[in-house]
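Asker: Letter by letter, the chains look like this.
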Amino acid sequence: MRYSAFSIVKNALSGNVNWKPAWRQPEPKPFYDVIIVGGGGHGLATAYYLAREFGLKNIAVLEKNYLGSGNVGRNTTIVRSNYMLPGNEPFYEFSMKLWEGMEQDLNYNAMLSQRGVINLYHNDGQRDAYIRRGNAMWMEGVPAELLDRAALKKMLPFLNFAHARFPIMGGLLQKRGGTARHDAVAWGYARAADRLGVDLIQNCEVTGIRREHGVVTGVETSKGFIGCGKLGLAAAGNTSRVGEMAGLKLPIESHVLQAFVTEGLKPAIDHVITYGAGHFYISQSDKGGLVFGAEIDGYNSYAQRGNLATVEHVMEEGVTMIPGLSRVRVLRSWGGVMDMSMDGSPIISQTPIDNLYLNCGWCYGGFKATPASGWCFAHLIAKNETHPVARFLRLDRFERGYPIDEHGAGPQPNLH
Amino acid sequence: MTAYRLTSGGLVDRGANLDFKFDGKTLTGLSGDTLASALLANDRLLVGRSFKYHRPRGIVTAGASEPNALVTIGKGASTDPNTKATVAELYAGLDARSQNRWPSLKYDFGAVNGLLSPFLGAGFYYKTFMWPAAFWEKVYEPIIRRAAGLGRVVLERDPEAYEKCWAHCDLLVVGSGPTGLMAALVAGRAGLRVILADEDFRLGGSLLAETTRIDGVSAQAFAEASLAELRSLPNVTIMPRTTVFGWYDDNVFGAVERVQKHVAMPQAKLPVERLWRIAAKRALLATGAEERPLVFGGNDKPGVMMAGAMRTYANRFGVAAGRSVAIFSNGSAGYQAAHDLAAQGVEIAAIIDSRSDVADVAPAGVRLIQSGSVIDTQGRQRVSGIVVERSGFEETIACDAIGMSGGWNPVIHLACQRGAKAVWSPELQTFLAPDVGNGLVVAGSAAGRYTLVGCLADGAQKAAAIAADLGFSAPAEAMPVVEEDIDPSFTALWYSPGAKAKAFIDFQNDVHVRDIGLALREGFGHVEHAKRYTTNGMATDQGKLSGINATGLLAAMQGISPADVGTTTFRPFYTPVTLGALAGTSRDEHAAPVRKSPLHGWAQKNGAVFVDSGLWYRPAYFARSGEKTWRESTDREVRNVRENVGLCDVSTLGKIEIFGPDAAEFLNRIYCNAFLKLPVGKARYGLMLREDGMVYDDGTTSRLSSEHFFMTTTTALAGGVMSHMEYCAQVLWPDLRVRFCSSTDQWAQMAIAGPKARLVVQALVEDDISDAAFPFLAAGIVALKGGLKARLFRISFSGELAYELAVPAGSGEAVADAIMEEGRAHGICAYGLEALNVLRMEKGHVTHAEFDGRVTPDDAGFGRMVSAQKPDFIGKRLSTRYGLTAADRMQMVGLKPVEADQHIRAGAHLLREGAKPSTLNDQGYVSSACFSPTLGHDIALAFLKSGRERYGERIVVWDKLAGADVVAEVCNPVFVDPGNAKLNV
Amino acid sequence: MTMPYISRHPLENRLPLEPGIRAVDHMDVPRGTAIATVMAMDGEDAAVAAGLAVAGDMSLRFVAPGEWLAVSQSDTPEGLCRNLSLLLAETASVFDQSDGRVVLRLSGPNVRRILAKGIGIDLHPAVFEIGTSSNVLCGHISINLARTGENEFELIVMRSFAESLFDDLRLMGREFDLSADFSAQG
Amino acid sequence: MASLIHCPHCGVRPKEEFSIRGDASLVRPDPEASDEAWHDYVHIRSNPRGRYREHWQHVAGCRRWLVVERDTFTHEVFSVTDGAATAREAGR
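Protein chains in written order, with the numbering used here: chain A, 30 to 445; chain B, 214 to 1198; chain C, 2 to 187; chain D, 1126 to 1217.
Hints are computed from structural coordinates only; laboratory data are not their basis. This structure is a prediction, so every number in the text was calculated from the model and none was measured. Any given hint could be a false lead.
[As the list claims (entries may be wrong)] Partial selection, computed: residues in chain D whose CB lies under 8 Å from chain C:
no., residue
1, H1134
2, G1136
3, R1138
4, P1139
5, E1142
6, G1186
7, R1189
[To be verified] Lysine-lysine pairs mimicking DSSO-like chemistry, simulated, CA-CA at most 27 Å apart:
no., chain 1, residue 1, chain 2, residue 2
8, A, K295, B, K238
9, A, K183, B, K288
10, B, K351, A, K126
11, A, K126, B, K1173
Beta carbons: idealized from backbone N, C-alpha and C, even for Gly.
Could you build the full structure based on these sequences and the hints that come with them?
Answerer: What follows is the structure, given as structure tokens:
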């Protein structure tokens, strides 16, 4: 059933009882040409593009919980392509372009809202770094603007211009950046993939990876053994655990990142704004809740919950950046488990095992990457060849000395 | 009139009238009221509009689970949107306004959405608004955003104060109802340090609405007596108005105390809210149970209320919710409400019970309809009747309020915040907390023990067990005697069949039964999917009323047990908490501490304009009269240092004293260059790498004696370097005999630079500091005239003849004053960070603008400094990786514009002349740039692919952000005195 | 040229030079305290601790295993370091921190409640006993905290943070009208 | 963990007094060890879900590096020991 204004009216008039399931609930077949482990945004997008762009037919996505139960459903929904390094910027811009056509492509409104992302700077050093970043974006053809204090004051008068401990000097704006409705992205890809024949198998936990003669032959799951020709891992947060089943040792630590939403409010903040004197970032959802977050809690964790000290720190940053937030009530906090890589950048890569492919290490930035990650991973799996925009995201870049370190923090994941 | 104030009864002070405003109209309540009870007493049933359909909504509860009665309280920057009227303590002058309506609460334009509701079912927005693509941000989204949201936030600086506080106890009791009071009494008497916290302004919990007598006195008197005893115990702390919102690892609880939210004019010396972090050895959750709403047609009209809330309004606040009340119930609680209301003279229109053959007895003369189902309600902005269906017959019964009671949901939120999943109890037809370990036990109604006797006993027993466990002996106590205890049992009813109108589950978010059905039909049957797809439970009440009904409905619709559906995840916050409370005092200028140099006062006297540098304030430049821009001051300072002499405060550099027989070996391992044989009395530049081979930090280290070194680090990484060294000393090489401590704060350190530096310094120092006696890179302890001991280093960041002088911090300002005084004859000036930066760029010296964490020593031109001889140092092995030694790496070069009047900005990128801008063609970037007063044009340091081979090449400095392209010549990065002639004089 | 270099206290901008009116809860700022870091060399922790235990005229603040701050109100910085160096000889390194550290003394019936607004450790006298000292975080600033009496605490903070800590303490003490001045005895 | 850490030198302290570095089971290889050993040391992490040893520094307290042994899923702490003592025991 195609979604449209017409379909809504038609169904409404018939009591909304004729809507069809968004996807089937298939039982696993004994063998798939490609199995993707992980029914989150990246896994679902990979399956969709494998089917649509690369013409593969016999594909399954295995999800241990419900579709979209991982980080795609617990993030701050920010979409942007404002990176500095050549290993990242072309990839994220490719993603941005895919976002821009995604809803029509999927026939699903993911509420992409290109409301503009503004990164504040507070001193000359930060300004220079943002100029470097903005120019790097322009090199890739991505428009960026440097805003001075006067321009910012006009645009965002509620920022703390009068009493900030670290004065706000200006910001870097990417107008095309913004937000999208996170769950809808997963559901849109799931529905579209399902319509192309991909089997989306929920409540199916992978418990082992079977290898014979050095290649993967299938996976042991809570629903029994399922054979496959190629296996793609897209289980961010749990990458190390799944990788271990195939004997992979990875440059990944799992960390918890908390995020927050306030009570619903009438429109107050129209952009995505990030604080330069801390990690704080904020936007307002279409429902009215202010959605925000900051840095990871700092210790390795697989628990999807954080600690109060970090909560307080996040609020301190928020109130310092926008003093008027002080009386807003935060409704809910949650935690997502991040794959933190050694350089803060992701991995889309072949592995030492021929038919095993890896998609991981998304750190804070997985949501915005969803379409490109899916496309490039599908490209790699289908053709056994790296997509040009993802060519730097190799697993062996650490060994070879080609880290993509946007923060310059070095091989300590919790600093990225 | 329907709702009204009863002539007597209730825990309100009938002698204390409080005037307040609602939507501009002045009303009167009583001391002891909540805003909700006062509104009811004034017969204000309609208090808000729902989120999606803008339906009229009234007060449903008497507590924190309220979905409807959300108002905005306060004015201007002190505005609190989305405040629950049911927990807002009334005070004189309270000014509340309704929300989400336009132009008024009564006539709300948004109500048109209700007519469109067939088109606005769950998830409708995912299916449309996609065409044309550009319309989303411009047309659809703004409309949706305006319609959505609830209250309006005033994004102005909050004038009120907040603070945080720590508390520690043996036992935290959450909730002061019968369970909590007994637990606190037992534990308090046994000598435990007890904290009893309750969100209400009046303690006693359900006892405040109870009509039963305990130990021969009223429940209220029993509560008061218990509290009086607790107040008399020095080991017990009672915290009213304190909501425990979160349970965190190691039994740390987050709580927020509303210190002054109930006063019109807060005192300045007290916060309005205080955040508590409570570290509790044990905790006892006595949070009671929430009454479950019934899902029936038209259940959202103003006048439909929880039966228990009606009891609370009648018994605690002396307010009747209506004159003629119908009760719809599936258990005993509804009867209890009917009895209490009837006793207060309220007419009970009927009791409709979904069960048959019930043992419960209706008040005398009240009609009881068993096996009945409410299928609709009458009235527009308030209830005027109910439509009851029984055995196929419909009947309309007139009433002006409906009390509903669907059973009980134990409040287990806190117990399930750390990953534990709620467990379905088939006996109790509800979800209970599982065993979550020793740290927290759930007791009383929160554990499914609903009777008063059960609550008192459970609280006492569990507290005694905790006391024993912690090594206290709790004497066995006689339990209070309860008269007429009622067991509020019920038979679950997830949906009252035959609805002729929308039957709501989530009142605030307008989720009704059909939405759940649609979610199920479309494959969103997982409880989390259903929540996310329909938004059920995502409103400001966090699904306190709607969550379990949604689970029950999902189960019923699929013919499975609620156990197989489960609940959505419980997460902090139990009730919403202001960002202000969570931020406390750390905001605005107090967001981070300020560090001040011992020379801060000196700098101020000399006209410094300060700039942030990490936590420090440092002088950026010293404005003199007549200078209009920072550049004028900076250019003067630079010229003066090059021509005469200047004084710069470098006290903020990290300083570390390193002692021990293995200190030299230790330094040799943490620096990439050699330190083992540094002679006593010498300083050396040191480069510190990370283990991945990238430069981490740089500085100078001097050997003051054979076993005493003095290191300086950059200001930015002072803390990081210290931690890194501690890691190396403690974890990597614990056998090295080395100790160190920070001396950053002990020393006032100043750079005296310029050709006349020696003249100035020698005038202050007793020792001979001639070039022969104290050559370049000399370091040692000297005596200032007058006897003060100081450290002197002949090191130079500017490239001039320069000294760094360190004196004990307290004397710093006096010494700096003396230097200025002495230097006046030699034309001394104070110079700041801007000039320092220009001076170092002219000399080709690097800072963290160059060392940005992605740069190797070789990239920055220090390749030859890296010791090949040393067997090991941090970063040695990974420096040799292919990518770190590749020929096309970016290397540091100098740039000067081909046309001298053109400007270069840091952050610009580099392109070959004629090359098209693209990531592939990107040749590098400018790390630092400035106008060089010495050379009379801009200069820059840049990183350029294979840069050192490209001196003399013309390159485009591409700054698209500024819209500027400048052609520059690649050159050696040392612009001034490349032969170091100025250093060795 | 001979200069008597006058030493400045970092709170001179915050406090009047003359003592003011004391509230029941008071912050007292001594001006001339001699403070030294003592670091035992490897394996000498016990020997140094024993040596310090018998040293008169100073009090010790625990910093870390084998590391203390020695504090003296009567000795000069030079005197304190000299005495310590003589006493401890080869077993420890001694470094003068008198100019790098600032002492704040809080006393009064409410100081525990005031300090609990910034300090996370349990300040109950049965837990943090009289005579105990330790480095702790107070708000965002690391300090050394010592309990010198049931309702008396001594805080030692790095000089550069002194103004910020002082401001924080004033804010924390506002509820109880905390007063502050320089010690009369200097 | 996460809220309170029992420092063996200072007692129970809030999380914000500490900074965290990561895996404490890694041993810095011999200078002569293979490239692979060095790569593993710097970049590869076992990242278990369960028992884990992690380096925390008590930066606002005694500034000692500690080995915190804990569960990465339940956040239960099993032990906190001094890093140098642990390193010595391991014969580093």
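Asker: Of the hints stated earlier, which fail here?
Answerer: none
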